[in-house]
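Asker: What follows is the residue order along each chain.
Protein chains: 4
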Amino acid sequence: MAVRVGVLGATGAVGQRLIQLLDPHPEFEIAALTASESSAGKTYRQAAKWRANSPIPDDVASMTVSATDPDEVPSDVDLLFSSLPSSVGETVEPGFCEAGYVVSSNSSNGRMDDDIPLVIPEVNADHIDLLEVQRDERGWDGAMVKNPNCSTITFVPTLAALEEYGLETVHVATLQAVSGAGYDGVTSMEIIDNAIPHIGSEEDKLETESKKLLGSFDGAELTLNDVEVGASCNRIPTIDGHLENVFVETAEELSPAEAAEAMREYPSADLHSSPDQLIEVFEDPERPQPRLDRTLGNGMSISAGGIRESTFGLQYNCLAHNTMRGAAGASVLNGELLLENGYL
Amino acid sequence: MAVRVGVLGATGAVGQRLIQLLDPHPEFEIAALTASESSAGKTYRQAAKWRANSPIPDDVASMTVSATDPDEVPSDVDLLFSSLPSSVGETVEPGFCEAGYVVSSNSSNGRMDDDIPLVIPEVNADHIDLLEVQRDERGWDGAMVKNPNCSTITFVPTLAALEEYGLETVHVATLQAVSGAGYDGVTSMEIIDNAIPHIGSEEDKLETESKKLLGSFDGAELTLNDVEVGASCNRIPTIDGHLENVFVETAEELSPAEAAEAMREYPSADLHSSPDQLIEVFEDPERPQPRLDRTLGNGMSISAGGIRESTFGLQYNCLAHNTMRGAAGASVLNGELLLENGYL
Amino acid sequence: MAVRVGVLGATGAVGQRLIQLLDPHPEFEIAALTASESSAGKTYRQAAKWRANSPIPDDVASMTVSATDPDEVPSDVDLLFSSLPSSVGETVEPGFCEAGYVVSSNSSNGRMDDDIPLVIPEVNADHIDLLEVQRDERGWDGAMVKNPNCSTITFVPTLAALEEYGLETVHVATLQAVSGAGYDGVTSMEIIDNAIPHIGSEEDKLETESKKLLGSFDGAELTLNDVEVGASCNRIPTIDGHLENVFVETAEELSPAEAAEAMREYPSADLHSSPDQLIEVFEDPERPQPRLDRTLGNGMSISAGGIRESTFGLQYNCLAHNTMRGAAGASVLNGELLLENGYL
Amino acid sequence: MAVRVGVLGATGAVGQRLIQLLDPHPEFEIAALTASESSAGKTYRQAAKWRANSPIPDDVASMTVSATDPDEVPSDVDLLFSSLPSSVGETVEPGFCEAGYVVSSNSSNGRMDDDIPLVIPEVNADHIDLLEVQRDERGWDGAMVKNPNCSTITFVPTLAALEEYGLETVHVATLQAVSGAGYDGVTSMEIIDNAIPHIGSEEDKLETESKKLLGSFDGAELTLNDVEVGASCNRIPTIDGHLENVFVETAEELSPAEAAEAMREYPSADLHSSPDQLIEVFEDPERPQPRLDRTLGNGMSISAGGIRESTFGLQYNCLAHNTMRGAAGASVLNGELLLENGYL
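Those protein sequence lines, which keep their order, are chains A, B, C and D. Mapping of the first sequence onto full-length UniProt numbering: residues 1 to 344, in sequence order. Mapping of the second sequence onto full-length UniProt numbering: residues 1 to 344, in sequence order. Mapping of the third sequence onto full-length UniProt numbering: residues 1 to 344, in sequence order. Mapping of the fourth sequence onto full-length UniProt numbering: residues 1 to 344, in sequence order.
Since the hints were made in silico from the structure, they are not lab data. Keep in mind that the hints are not guaranteed to be accurate.
The list treats identical chains as interchangeable, and a pair is accepted whether it falls inside one copy or across any two copies.
[Stated by the list, open to error] Simulated crosslink set (SDA-like; lysine to any residue; CA at most 20 angstroms straight-line):
#, residue 1, residue 2
1, 42, 57
2, 211, 266
3, 49, 184
4, 49, 185
5, 42, 67
6, 49, 285
7, 49, 198
8, 49, 200
9, 49, 256
10, 49, 255
In isolation and in its complexed conformation, chain A is listed as follows (with noise of 0.2 angstroms):
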């Protein structure tokens, strides 16, 4: 029988992908839909510009929207993805949790907060295992757990895959998509026959939020991983896919071929939204791109390619879905994660 699931943030861009999701997934079921006030009430047609290319699932499209708040969400819904802005989930997720549901957020804020694990599931998946804190110290009945921002989990899973080598310093350059900014977050003025050296707090995301992907759990604690990173964010005229380069050094040494091995011999989780081959690794230097290979493992798959020798330490190129991978199919994973682990 399907978990019956809520959507925080049902109207956003985020929010419409994981609706195209959770709509056919044979373990969720929606259930609740919740925006802004404004659009409380409403329909979700009526609610949702809808940008997708494919139609509004008929039975979704008919549900009403109700506020984000917990009052107004059925308590017989066990699990909520979250995709809120980070303001605004600072604000009202916790608030679900202490009334006893279980959250899967892509909204930022408190990743590296102590007890919320942020999980990647074919790379951290013990990492779920910090809710038992989380519970103990936060007095939740419900819980957070939270999947980190794209251009993260773009390179993470490499670096996971090269992580015997002993990973001690990585540079990395990101060239990401604009529909990584929200459907409005960056005007054609600003994108077209251009690109941008910046992204708000993205460099740090990429430097923090590695650090605590890659730690270790004991149980009790969260270790955070030695690995420096040093990240440089732009933005560039794509709609999806982000792609980056990755300079890396690592303590023993590794060649080419060692890392391409590593990567493509790095398991996948048995997770319903997990591709079968986590890590597809390219022959071809001009591949991985993001129109071409963006979509590969229903858009969960990670692309790597270009490895080659780099004057100290390694080089390569790697590339995710930015709304799949690293957004919206990151917190579904999480919730499949949830489920298997009884969370729920």
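On the provided structure of chain A, position chains B, C and D as indicated by the hints.
Answerer: Below, chains B, C and D alone, put in the same frame as chain A:
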């Protein structure tokens, strides 16, 4: 009195830019245009598919194009600007030098040869005297000077400004405009809504040419700079302007403020095409941007911004107009240097 | 049992689309692939520069490509899909028909010939029987059916839906995607931040092919439709999907509501690749849009919107996926029609 | 001595263009800048998010911005250029006219009012004397002249050139640049790899403003032109430059050669910002193109091409720079006309 000059490969994209720069130039007078055999005998208007956003200068339009052969170029032409494909340049450029022509070349062949000066006048003007060695060794009446690749020109002046702090290692990721590949170099199907994380032998050019440009010349021999550069090159859907993310580690400690000051105070050259301010430094971390900043200093300035501490060392972004500062303008500037130094 | 089919010009952009459509097709089985002499003898993986965003089907990848010559195609292949450049098609297609092959061709050569059926199955399936006349006249064992140009296919179904009101004059302005010119057809320098108000002989195709498609066939002769079409064609920076603005004057008065109803009710065909709804009509005047609506009906639907009264007559917009509905899908659909009508 | 002028709505996209044009203008001197209340009291550098590709003129940067209120503008300012949002313009512009200011406005409010001249100086300069009627009727000391919408300005001069042949019906399809919607008007998610076949009330503007511009003024009353215009407007991923496809039917027969000649010989005006050649006519059917031709005549020329016989009448393409000729430049030109005609 103006020096009579010619353009080798006058119908190509860089050739067209050269004509735009040379036609109004006070020191030079266009006296010869060459192209492939199939264009020989045609007027320039007939031979060139002109794509600039200003009309062909009338006097140039009616000039007759000759084959790219020393016998076809009037002997009273003193200086030739070459923007031939490197495979052609390799074959024909030496013949022009032997025949007594001085060649300022944008073609990549021979750039790393021991006795060919590779010059950015504001950075290493003194390397021009390598021409004495060249003439001794090759027995040429003419001479050959090269300018570096467009992606190299973009970041080397910023490194030169920081050199007193002791350059150790550099990682650079480039976001390059399509015009860098020539008019037909990148198809629209390849690049719209996309990015390509690899450009032919571009990475190697950044890594090696920078060592030569920053090297020292003692009047007899050129010593390469010790800096270790690792480059990762990307093509993005931008018409003009290469943007680069630089991570640099120096021997001496260097704060962002010191780096900004060093760049701002780095002197320009006293040549006609040199901009008043060589490196424009932005405080706004979102700048420089290709569409907004590529035409600074008539397309001959470098711009920089986003200077901040990185996990080890410093990081910043820089930008230059790839067909102006990075190609045609670079060759013209070297022509001006040749004139000033008495090589014409 | 599946019909054995071949693809002439299998390595090109449309050829790759054909393979994507034919590989999983229940009625067809790929048994032959041809390309230019230089590809003959190679495996398809070696011969094709595959650019689709799904991998080459494994069984196809290992097939050996042969030259585009009737002697090189197995005789048990019944149906050939041709996406040859028209200059090549003109030379080689008749030889295949003579040799007994039935050819469903996307190439533009011969489309307006009196005895060659030009067919969109949902619009003029009855024209297929012009093949009887063709065989009589040409003495072919095989046969040749053509689909129209991609820009023609986009608007003709909407005109067909309005035909009962008496089509008199039509003005159509097209906004065409770059994929319509083939992979290398439009360079990025030509089209980024730009539009080109002319496409080869495209306007003529819209003006003449529409008259043939909407013409009537009495079993012996085809009579062209009287509609007068004036077309203006533009290339814009879009990957896939041709958008067209149509102004139509009809003999009988026609309200926007009647036009919308006529389009919605215009029947689809009962063929495997025909969409359930041939023409999707939007109420939102901002739709259809290429990126949002080109994949409707697996890329085989036409979409329309913005229907309103114009100064004389009616105006509306329509859209179709140019390499699916407008090229590869159109040829496959004609193949299905040939099968259903007993021509295989 | 230069006329002291002000800019209403100086921080917006058109306001910035106005400043770029007015700062070096020999006849005008910027003496007042207004913006919304939130900007009042700030320097222009603080108030404006400057996005032009040349720096803010120094003297303008340090000017203090005032509220858009007649009491806040120095009374020795004679002429105001207005680029306010139309809803704001509607509210505040009449107050400025009442207070004695002459306003040259780019805002769409009031353009079709009987006593407000809508002027393109090269087309209908004589309409300016409608100001006498306006002052009589409204009792204003000041006055108000409007320039048409950018998409109207693009094609009306070409129609004016053909008017002697008797304009009957016109169909026009526009391909409009994103800058026409203002800096934040079109998001990148809406337009990359896409086109939008509808722009607010744009079609209505083309259809009605053209009748007024081509109308006749007898000194007392304005009579609209009889031409019937049907317009279809599209937004495409281009930064600047509106391209339009025109189908025109005239009373008298008109060959493409006659139309080209009529356009080439259509006179420009003897005003500072009028280009030498008002309409540049291309023989190459692939021109005009936005990126190549928008800056002709400093962005104040119209260009045309692709003139050919259509099924009934003639068809051709035309292009103008939408924020120069179509907005800021149009208002400045009207200011010059006001000065020449003694209205200042």
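Asker: Against each hint, give a clear statement of whether it holds in the structure.
Answerer: Okay, the hints, checked on the actual structure:
Taking the closest pair of Cα atoms, residue 42 and residue 57 come within 20 angstroms of each other only inside a single copy of the chain (16 angstroms); across copies the shortest separation is 46 angstroms, beyond that limit. Within a single copy, residue 211 and residue 266 get their C-alpha atoms as close as 19 angstroms, which meets the 20 angstroms cut-off; across copies the closest is 38 angstroms, which misses it. Both within a single protomer and between protomers do residue 49 and residue 184 lie at most 20 angstroms apart by alpha-carbon distance, with minima of 12 angstroms and 18 angstroms respectively. For a Cα distance limit of 20 angstroms, the shortest separation of residue 49 from residue 185 qualifies both inside one copy, at 15 angstroms, and across copies, at 16 angstroms.
When the C-alpha separation of residue 42 and residue 67 is checked against a cutoff of 20 angstroms, the pair qualifies only within one copy, where the shortest distance is 10 angstroms, while the shortest distance between copies is 39 angstroms. Only between protomers do residue 49 and residue 285 lie at most 20 angstroms apart by alpha-carbon distance; the minimum there is 14 angstroms, versus 39 angstroms within a single protomer. Proximity of residue 49 and residue 198 under a CA criterion of 20 angstroms is satisfied inter-copy only: 17 angstroms between copies versus 28 angstroms inside one chain copy. Proximity of residue 49 and residue 200 under a CA criterion of 20 angstroms is satisfied inter-copy only: 17 angstroms between copies versus 26 angstroms inside one chain copy.
Taking the shortest Cα distances, residue 49 and residue 256 never come within 20 angstroms of each other, neither inside one copy (46 angstroms) nor across copies (25 angstroms). Taking the shortest Cα distances, residue 49 and residue 255 never come within 20 angstroms of each other, neither inside one copy (49 angstroms) nor across copies (28 angstroms).
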